[in-house]
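Participant: Can you build the whole structure from these sequences, using the hints too?
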Amino acid sequence: MKSLLGAALTVVPLLGAAYTVDPPTTAASDTIEDCTLWATATSTSTCADLIEQGYALTPDQFNAYNPSQAAACKLIIGNSYCIEKNWSIPDPTRTTSSAAPGPTRPATDPATLLAVCEAQGSYVSYCERCLYHCQYETMYIEMCFSSIFGLINRYDSECWQHGGRDCANLAADRVCPKQ
Numbered sequence: 001m002k003s004l005l006g007a008a009l010t011v012v013p014l015l016g017a018a019y020t021v022d023p024p025t026t027a028a029s030d031t032i033e034d035c036t037l038w039a040t041a042t043s044t045s046t047c048a049d050l051i052e053q054g055y056a057l058t059p060d061q062f063n064a065y066n067p068s069q070a071a072a073c074k075l076i077i078g079n080s081y082c083i084e085k086n087w088s089i090p091d092p093t094r095t096t097s098s099a100a101p102g103p104t105r106p107a108t109d110p111a112t113l114l115a116v117c118e119a120q121g122s123y124v125s126y127c128e129r130c131l132y133h134c135q136y137e138t139m140y141i142e143m144c145f146s147s148i149f150g151l152i153n154r155y156d157s158e159c160w161q162h163g164g165r166d167c168a169n170l171a172a173d174r175v176c177p178k179q
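Numbering (the UniProt record's numbering), first residue to last: 1 to 179.
Worth flagging that the hints you see were computed from the coordinates, not collected in a lab. Model, not experiment: these values are computed from the prediction. All the pointers check out, no bait thrown in.
So the derived label-pair ranges between C-beta atoms look like this:
#	residue 1	residue 2	range
1	D22	A48	23 to 29 Å
2	T138	Q161	33 to 39 Å
3	D30	S125	36 to 42 Å
Glycine residues also receive a C-beta, built at the ideal position from the N, C-alpha and C atoms.
Facilitator: Shown next, in the form of structure tokens:
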């Protein structure tokens, strides 16, 4: 019985947050789980420095990704802070008690999404099958596709590093499965 309790106590700390991309160092427990890019605080870091490292990151986004920093920017030296959200994972839906909603439809029309995606320049052959990731994005469409292509590139690179074949297609299948 003691060994069972000991095993349980050993496993419990491992059941913490499962991040999309693991932070390189410790991250606050309230940091968003769908983080794909991290910055590590140094003795000279400020929140503005970390925000600058994020691609088009705003202070409001930084605070939303790292809620423990929202009140006052007090960085912990050596800790990791999220500076990019995985745009392919939708935000949790919020429920309200207002009138019944109208019909649900994408906020951005597919032709506009396709044009924005194709303008990104990388992995454009996968644009049509990746559109659904960004269909409800209205403000940061370019960043959404950039994040998706960054994820495809990461999986593509990992595949090549391990001697894989047809890595770009395998990576695209993983991020934007054929439907």
